[in-house]
Amino acid sequence: MSPEGLAFAPVLLPLLGAAIVFLAKAFFRGRGAVIAEYTGVFTGLYLPWLALIFLFPVVINGSAVTGVIGHWNSGVGISYRFDGLAWMVNVLGYTLGGAAWLHSLSSGPKGPSFSAIFLIQTAALGAAIMTADLFNLFVSLEVLGISSYILVSSSEKPGAALASFSYLMVSSTAMVFFLLGLFGLYRITGSLSYEGIAAGSGHLEGNTLATAVISLSLLVGAIAIRVAVMPLYGWLPDAHALAPHAVSAVLSGVLIKTPLFALSRILILFPIGKEAGQLMSYAGAATALLAVIIALSQKDAKRLLAYHSISQIGYIVCTWGAAVAVGIGTKAGTLLMAAAFLHALFHAVFKGLLFLSIGSSVDAAGERDVYKLRGAVSILKRSGDKAAIAFFGFLVGALSISAIPPFNGFTSKTAMTYLLKYYGQSGTVLYWMLTVAGAGTAASFIKLSRIYWPGKDEAYRDLPDRKGALAVLPASVSILFLSLLCIAGGIFTPLIFRTVTALLSGSPLSMGEGFSFFSAGNLMKSLYTAGAGIFVFLLATGRRGGALLTKVRERPRSFQGLFVSYALAAAAMAGWLLYHAFL
Amino acid sequence: MIERLLLFLLFLLGFWGILAKHNIIKKIISLNLINSAVVILFVLEGSRIGNKAPILEEGIAGIVDPVPQALMLTAIVIGVCVTALSLALAYRLYKAAGTFNIEDIRKEVSRK
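Sequence order for the protein chains is A and B.
Residues 73 to 655 in my numbering are what the first sequence lists, from first letter to last.
Residues 2 to 113 in my numbering are what the second sequence lists, from first letter to last.
Just chain A, with the same shape it has in the complex (with noise of 0.2 angstroms):
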């Protein structure tokens, strides 16, 4: 097949999927489902790897497969461009998709619906990040904001229907404010396609000049929304802490980045972009401080992670914006880019592993509270997880998201900060955030960890024995799974890094001179941070720390305040950008 024909494989292949098993769902029944349903998933989920595999030789050199779908001329049809950072973004949601379908065999929910729901979700990221068109790029985010509305509700729980409806309305607006953002930029270039935008946006001045500021800010606020930065966070916590596991892997793991990567393309179109990543990247940087500190005072285990994903995404928001800022097309702008990227790949690949372990022992005990939760490893294994595999796996993921070598978190983190103190605007600053943030996010894990340490296991005793019960099988392959590439990532990072730069840029860039991932000095600083961790831990639990955490967690949370964040926010960003537009 053509790389024209392939490029579209990760779109189309989940949508045939998908009807594949809504077939299965309206024409099949016992076993005949069953099979017919695991062949659409497989066509979905797993088939696009082959698509993948033959398209990396075309894009490994910064080459892409562009074009207009269906051949219609530029001017009408939807142009697409599938390059490297595409090909990257597609990795990462298959790898975190297949692994995340294949824990819902154990932890539910089951089903077609869910199956196909999910399939659609899939195909809207890759039609997300491969379109080079705005339009396409706002009906891209409702596909993927309607399927994940839907799978969030998916959980019984009825918090998750309120979850889902305020994601929903406030996702919803954000995209009325996109549309109007492009109706802006529709008058003043009379196109749609990123290329015919930046060809009408060379010289804009005075009122078209505003227009334009401020047209960007509505994208860029309503695309925020769905990375969750600060202050645009408040739908993500109950959210992601209510869906079923696997889905709350891939919210987590994938969905909050994807628009983040598809971002970048509006961005570059506007020499204004550069500005608005430099407010993105202290944004981000706020993020990770303060999300890590409410993550230290949550009491659900799953919510705590959900707060996790908050930082850990400002820490990548926070490298990408510089990258934006330094331009990505220069060597500063690469790296950082790349850095960025490899902290996303690393960070789906972790946090979903902890969404995945977590979820399996919260389920095994019925029970979330980390203050009351205990001995989880003894319920692991009374309830037919034998050899505690979900106790391990949480063991990998806390370790790398903690930063500790060798695990993946720890290469990426040293990456991203290091970069950012070199080529970053106030990087010194940005360098100290995310450091401090780092020693939070190292205590909150061992304060999660408190789940599996021995003691009043009495209260547990007399559950009902689950064996059999709970097939352990197929979560246990994807948490193993996910553990190996965890250690895999972080020892194999340099040759990684080197990889995604030449995606990026078309020929492989290396940290810098004398640089190495594994030097005594970054050891030593992921020791000294996993010090701090301690203390702060110490601190928390503290009878003062532990009163002040509880009126962080207290803290009054309105469906008013998501639209009040957002409009601020929004209107933050074009104050800044008018700013330096005219100023």
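It should be emphasised that the hints constitute simulated quantities derived from the structure, not laboratory data.
Be aware that a few hints might be false.
[As the list claims (entries may be wrong)] List time: in silico EDC-like cross-link candidates among lysine to aspartate or glutamate, alpha-carbon distance up to 20 angstroms:
| # | chain 1 | residue 1 | chain 2 | residue 2 |
| --- | --- | --- | --- | --- |
| 1 | A | K453 | A | D435 |
| 2 | A | K229 | A | E439 |
| 3 | B | K108 | A | E228 |
| 4 | A | K229 | B | E104 |
| 5 | A | K403 | A | E585 |
| 6 | A | K374 | A | E626 |
| 7 | B | K96 | B | E109 |
| 8 | A | K229 | B | E109 |
| 9 | B | K96 | A | E228 |
| 10 | A | K444 | A | E626 |
| 11 | B | K22 | B | E104 |
| 12 | B | K108 | A | D372 |
| 13 | A | K458 | A | D435 |
| 14 | A | K182 | A | E228 |
| 15 | A | K374 | A | E228 |
| 16 | A | K229 | A | D435 |
| 17 | A | K229 | B | D105 |
| 18 | A | K444 | A | D372 |
| 19 | B | K108 | A | E626 |
| 20 | A | K371 | A | E439 |
| 21 | A | K371 | A | E626 |
With chain A fixed as given, assemble chain B onto it according to the hints.
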């Protein structure tokens, strides 16, 4: 100009409804209002260069810009999907909490 002013008022009305109304059905209706305001804005913009239907035959001139209309057909379809889904969620919330008031639902849900 008066059309744009009216659209702006419609948009503000919808935004106010989403923010200030406690009833979730009213919130959903308000979401539809702001969506419609933007749809009409696009169609209005397309008619700046002409007002004939965009069917290309001989002797027809002064047609509207067809691109915004095509876009808005898609946007309307998406709006319908979002509305249907949000009404389904509203129904589930009503079954769980016995009320449409978002504050009461939040209290009820966090109590459970």
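These are the hints, each one checked on the structure:
no.	hint	in the structure
1	A/K453 with A/D435	holds (13 angstroms)
2	A/K229 with A/E439	holds (14 angstroms)
3	B/K108 with A/E228	holds (18 angstroms)
4	A/K229 with B/E104	holds (18 angstroms)
5	A/K403 with A/E585	holds (14 angstroms)
6	A/K374 with A/E626	holds (17 angstroms)
7	B/K96 with B/E109	holds (11 angstroms)
8	A/K229 with B/E109	holds (12 angstroms)
9	B/K96 with A/E228	holds (13 angstroms)
10	A/K444 with A/E626	holds (18 angstroms)
11	B/K22 with B/E104	holds (11 angstroms)
12	B/K108 with A/D372	holds (18 angstroms)
13	A/K458 with A/D435	holds (15 angstroms)
14	A/K182 with A/E228	holds (12 angstroms)
15	A/K374 with A/E228	holds (16 angstroms)
16	A/K229 with A/D435	holds (14 angstroms)
17	A/K229 with B/D105	holds (17 angstroms)
18	A/K444 with A/D372	holds (10 angstroms)
19	B/K108 with A/E626	holds (14 angstroms)
20	A/K371 with A/E439	holds (11 angstroms)
21	A/K371 with A/E626	holds (11 angstroms)
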